[in-house]
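Protein chains in written order, with our numbering: chain F, 1 to 356; chain Z, 357 to 663.
Worth flagging that the hints you see were computed from the coordinates, not collected in a lab.
Any given hint could turn out to be false.
[Said to hold, decoys possible] Here are the simulated lysine-lysine pairs, DSS-like style, with alpha carbons at most 27 Å apart:
1. F/Lys194 to F/Lys289
2. F/Lys321 to Z/Lys462
3. F/Lys124 to Z/Lys572
4. F/Lys125 to Z/Lys573
5. F/Lys194 to F/Lys134
6. Z/Lys572 to F/Lys97
7. F/Lys134 to F/Lys171
8. Z/Lys482 to F/Lys270
[As the list claims (entries may be wrong)] Between beta-carbon pairs, the in silico distance windows are:
9. Z/Lys572 to F/Val205: 54 to 64 Å
10. F/Val205 to Z/Gln459: 43 to 53 Å
11. Z/Gln459 to F/Pro323: 18 to 28 Å
12. Z/Gly488 to F/Gly337: 23 to 33 Å
13. Z/Lys490 to F/His255: 38 to 48 Å
14. Z/Asp384 to F/Asp98: 48 to 58 Å
15. F/Pro323 to Z/Lys482: 36 to 46 Å
16. F/Asp347 to Z/Glu394: 35 to 45 Å
17. F/Ser334 to Z/Asp384: 46 to 56 Å
18. F/Lys124 to Z/Glu472: 30 to 40 Å
[Unchecked claim] To give a feel for the contact side, a few chain F residues facing chain Z, derived at Cβ under 8 Å:
19. Pro51
20. Tyr53
21. Tyr87
22. Glu90
23. Ser109
24. Ile126
25. Asn129
26. Val269
27. Tyr271
28. Gly274
29. Phe301
30. Gly302
31. Pro305
32. Met310
33. Pro311
34. Val312
Every residue, glycine too, gets a C-beta built ideally from N, C-alpha and C.
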Amino acid sequence: MGMDKCKVAFPRFGNYHIPLEFLFTKGLGVEYITPPPSTRRTLELGAKYSPDYVCSPFKFNLGNYIEAIEAGANTLVQTGGTCRLGYYGELQEQILKDLGYNVHFINMSRANYNNPLTFYDEFKKINPNLSLKKVTSSLITMLKMVECIDEIDDFVRQNVGFEVHEGEIEKLHEEYLNSLRTVETKKDVEKITKNYKKKLKDVKVKKPKNLMKVGIVGEYYTIMEPFSNHFIEKELAKKGIVIYRWMNVTNSILHNNGKEQKKTIKPYVKYYMGATSMATIYKTLEWAKEGFDGIVHVKSFGCTPEIDAMPVLQRISNDYKIPILYFSFDSQTSETGIQTRLEAFYDMIMMRKEKR
Amino acid sequence: MKIGIPRSFLYYKYHYLWESFFEELGIDYVVSPFTNREIYKQGTIRAIDEACLSSKIYLGHIDYLLGKCDYILVPRVFGYEEGTICTKFQAIYDVVNNTFRDQNIKILYYNINPRETANEFRSFLKMGKFLGKKKAAITRAYIIAKQTQKVQQIMALKRQEELLSKEGLKILLVGHQYNVYDRYIGGPILQTLKELGATPIIADICDKKEALEESKKISETLPWAFNKELVGAIQIYREKVDGIILMSSFPCGPDSLVNEMILRRVKGIPILNLILDGQEGSAGLETRLESFIDIIKIRKEDGNGQM
Chain F
1 MGMDKCKVAF PRFGNYHIPL EFLFTKGLGV EYITPPPSTR RTLELGAKYS
51 PDYVCSPFKF NLGNYIEAIE AGANTLVQTG GTCRLGYYGE LQEQILKDLG
101 YNVHFINMSR ANYNNPLTFY DEFKKINPNL SLKKVTSSLI TMLKMVECID
151 EIDDFVRQNV GFEVHEGEIE KLHEEYLNSL RTVETKKDVE KITKNYKKKL
201 KDVKVKKPKN LMKVGIVGEY YTIMEPFSNH FIEKELAKKG IVIYRWMNVT
251 NSILHNNGKE QKKTIKPYVK YYMGATSMAT IYKTLEWAKE GFDGIVHVKS
301 FGCTPEIDAM PVLQRISNDY KIPILYFSFD SQTSETGIQT RLEAFYDMIM
351 MRKEKR
Chain Z
357 MKIGIPRSFL YYKYHYLWES FFEELGIDYV VSPFTNREIY KQGTIRAIDE
407 ACLSSKIYLG HIDYLLGKCD YILVPRVFGY EEGTICTKFQ AIYDVVNNTF
457 RDQNIKILYY NINPRETANE FRSFLKMGKF LGKKKAAITR AYIIAKQTQK
507 VQQIMALKRQ EELLSKEGLK ILLVGHQYNV YDRYIGGPIL QTLKELGATP
557 IIADICDKKE ALEESKKISE TLPWAFNKEL VGAIQIYREK VDGIILMSSF
607 PCGPDSLVNE MILRRVKGIP ILNLILDGQE GSAGLETRLE SFIDIIKIRK
657 EDGNGQM
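Sequences are here, hints too, so could you generate the full structure?
This is the structure we're talking about:
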């Protein structure tokens with residue numbers, strides 16, 4: 001495949017398609033096809049061709065791949081991971097092949113995480129004329145972009161829903177993300193971010209005195225991909241709740257504080273429990289100590305590490321008297337069920353707040 | 357002092373090692389009984405709803421042992437040189453500890469982590485010291501226990517070879533040991549197969565080194581050691597059996613992907629995919645096994661025609 005015809009796609013995941021697009025177009029010199037935003041159709045397509053009881057991120061990813069192929073992609077990328085994610089790639093490649101799609105599949109679980117150069121080898125399969133210098137400088141800009149996106153995201157999360165003029169923050173957020181698609185250098189990223197940070201801070205917000213704070217924890221994909229968690233953050237914001245979320249690419253990968261997590265949760269946990277479970281327990285405990293009004297735990301159905309975090313969360317909930325609402329999403333989850341449970345949760349934390 | 361050993365999960369891989377280790381050290385132990393309805397029921401009460409059937413049963417065995425011993429053995433495994441392990445085994449110590457905290461559970465544990473040189477011998481040494489034994493005695497007990505385990509493995513392989521040379525239908529049962537040998541999960545399948553006149557061949561009984569190598573022929577990036585061994589066993593035994601049964605406990609993470617891969621890549625032999633959730637009655641299972649065996653018989657009579 002000539003590099004001029006190479007059209008790469010990676011599954012949808014929060015807003016990270018923007019830095020990915022940058023890395024592939026500027027760093028690797030290939031065209032990047034952003035899969036269309038995940039919809040009901042994406043999930044249905046993915047579920048149709050996936051094993052029944054596999055976790056739903058697998059199904060979403062597969063749906064994204066098919067929709068990306070429909071949009072012209074011919075080279076698909078999958079990452080590795082410490083849970084089932086580590087085996088997604090080979091099976092998804094097989095399923096797509098069995099469906100008759102003739103695509104190139106780059107599976108990062110073939111690379112060795114202890115040796116970054118093996119990733120470079122994988123990328124070389126996309127573009128043999130790859131320049132290591134160009135990739136490195138694009139990678140640095142891309143990582144900066146991730147950090148900035150996460151930082152702005154945090155601000156939005158804690159203020160959206162409180163604007164005097166409704167919708168102002170969301171509009172600015174969208175503008176910000178769009179303008180990131182035009183950057184060339186790390187400096188551009190910093191400049192644009194600084195500019196929008198100011199704009200966002202200038203938005204008039206009115207927060208009630210007795211603010212309700214809720215922390216959201218859970219499995220990597222479901223917590224970061226709003227469609228897969230039924231836009232739960234937006235739903236909470238609509239009710240006038242301030243939402244905190246620690247989990248993002250910056251905190252979990254770029255600046256991981258694993259040692260501190262382990263130390264903090266020592267009264268509850270002796271060993272590493274797999275994938276995101278440690279971060280889930282760590283933030284739940286911290287926010288419980290800080291007196292948050294509640295915690296929302298989200299995961300896809302059957303996510304083993306997060307299931308195993310739950311007995312610990314139940315202990316913390318008991319010890320610190322903090323309500324935790326547990327959501328498990330699969331391709332069948334009903335919208336009304338979620339709404340009803342959110343209402344009940346809201347009523348409960350509201351009543352507790354008034355009593356205090 | 358008395359140690360409680362849950363007859364579940366890693367018990368089926370290690371029980372000769374554990375039992376003879378404790379025996380050599382003169383430590384009393386009690387093993388929970390074969391899984392029964394009551395153990396299953398208690399496990400489902402203790403466990404998170406969505407947890408896999410096997411882990412629910414494990415918690416049922418822990419529950420059974422409470423009050424019947426001083427310590428309950430709950431080993432923790434991060435992974436093996438041969439591959440990773442389902443995160444369930446990384447988390448199990450803390451899951452048990454948090455689930456049974458109000459019962460003041462006392463756990464006897466050891467940790468296997470090839471990354472931290474927490475190898476088996478060192479971990480057993482630590483455990484033996486905790487039990488108040490001297491280094492020399494622990495070392496001796498471990499070596500004897502290890503030999504016992506090895507001898508038993510060789511004998512199991514021998515017995516399986518004899519079964520393979522027998523006449524009649526042979527069915528390869530592909531599933532984790534703790535599912536195949538559990539009376540509540542795999543028990544009814546083994547029983548029904550025998551009643552139908554078929555000989556079950558256990559995939560997990562195989563030359564593990566060979567299996568690890570062979571597994572690559574079916575799948576290249578398989579991360580989990582246990583699944584690698586099972587997939588490799590298919591490659592080893594496929595010419596010697598008439599059919600394959602994949603059995604997993606709902607909703608097993610690794611099996612959800614690996615069994616799908618097997619169905620897509622292992623061709624030319626009938627495969628039955630059984631997912632057990634502990635809810636089904638035995639009638640449904642028997643019917644599925646019966647029709648599977650019937651199909652294989654017809655296929656054989658037709659002169660080994662492709663399915």
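Against the structure, the hints come out as follows:
A threshold of 27 Å between alpha carbons decides the hint, and for F/Lys194 with F/Lys289 the separation of about 33 Å lies outside it, so the pair is violated. A C-alpha spacing of about 26 Å is found between F/Lys321 and Z/Lys462, which places the hinted pair at or below 27 Å, so the restraint holds. With a C-alpha separation of about 24 Å, the suggested pair F/Lys124 and Z/Lys572 falls inside the 27 Å cut-off, and the hint holds. At most 27 Å may separate the alpha-carbon atoms for a hinted pair to count; F/Lys125 and Z/Lys573 meet this at roughly 23 Å.
Taking the CA atoms of F/Lys194 and F/Lys134, the gap is near 25 Å; set against the 27 Å cutoff, the hint holds. Only pairs whose Cα atoms come within 27 Å are accepted, and Z/Lys572 paired with F/Lys97 is accepted, the gap being roughly 19 Å. Our distance criterion of 27 Å between C-alpha atoms is broken by F/Lys134 and F/Lys171, whose separation comes to about 34 Å. At roughly 16 Å between alpha-carbon atoms, Z/Lys482 and F/Lys270 fall within 27 Å of each other, so this suggested pair holds.
Between Z/Lys572 and F/Val205 the C-beta distance comes to about 58 Å, which sits within the given range of 54 to 64 Å. For the pair F/Val205 and Z/Gln459, the supplied restraint of 43 to 53 Å holds, since their beta-carbon distance comes to about 49 Å. Between Z/Gln459 and F/Pro323 the Cβ separation comes to about 24 Å, which falls inside the hinted range of 18 to 28 Å. At about 54 Å, the beta-carbon gap between Z/Gly488 and F/Gly337 misses the expected band of 23 to 33 Å.
Remark: the range hint 38 to 48 Å for Z/Lys490 to F/His255 is upheld by a beta-carbon distance near 47 Å. Distance hint check: the CB atoms of Z/Asp384 and F/Asp98 are about 55 Å apart, consistent with the given range 48 to 58 Å. The hinted window of 36 to 46 Å between F/Pro323 and Z/Lys482 holds, with their beta carbons roughly 40 Å apart. The hinted window of 35 to 45 Å between F/Asp347 and Z/Glu394 holds, with their beta carbons roughly 39 Å apart.
A hinted range of 46 to 56 Å holds for the C-beta pair F/Ser334 and Z/Asp384, which are about 53 Å apart. Between F/Lys124 and Z/Glu472 the beta carbons are some 34 Å apart, a value that agrees with the proposed interval 30 to 40 Å. Interface hint status for F/Pro51: upheld, as the beta-carbon distance to the closest one in chain Z is roughly 4 Å, under 8 Å. Among the interface hints, the one on F/Tyr53 holds; its C-beta lies about 4 Å from the nearest C-beta in chain Z, closer than the 8 Å criterion.
With a cut of 8 Å, the hint placing F/Tyr87 at the interface with chain Z holds, because the nearest CB-to-CB distance is about 5 Å. Look at F/Glu90: its Cβ gets to within about 5 Å of chain Z, closer than 8 Å, so that hint holds up. Because the beta carbon of F/Ser109 sits about 5 Å from the nearest beta carbon in chain Z, less than 8 Å, this interface hint is met. Given the 8 Å rule on beta carbons, the hint for F/Ile126 is violated: about 18 Å separates it from the nearest Cβ of chain Z.
Against a cut-off of 8 Å between C-beta atoms, the interface hint on F/Asn129 is violated, since the closest Cβ of chain Z lies about 27 Å away. Annotation: interface hint on F/Val269 holds; nearest CB of chain Z at approximately 5 Å, less than 8 Å. Below 8 Å, beta-carbon pairs count as interface contacts, and F/Tyr271 has one with chain Z at about 5 Å; its hint therefore holds. Against a cut-off of 8 Å between C-beta atoms, the interface hint on F/Gly274 holds, since the closest Cβ of chain Z lies about 3 Å away.
Contact between F/Phe301 and chain Z, as hinted, is supported at the beta carbon level, the nearest pair being about 7 Å apart and thus within 8 Å. Because the closest C-beta pair between F/Gly302 and chain Z is about 4 Å apart, less than 8 Å, the hint holds. A least Cβ separation of about 5 Å between F/Pro305 and chain Z falls short of the 8 Å threshold, and the interface hint therefore holds. Below 8 Å, beta-carbon pairs count as interface contacts, and F/Met310 has one with chain Z at about 5 Å; its hint therefore holds.
A least Cβ separation of about 4 Å between F/Pro311 and chain Z falls short of the 8 Å threshold, and the interface hint therefore holds. Taking 8 Å as the C-beta contact cut-off toward chain Z, the hint placing F/Val312 at the interface holds, the least distance being around 5 Å.
When held up to the earlier numbered hints, the structure conflicts with 1, 7, 12, 24, 25 and fits the remainder.
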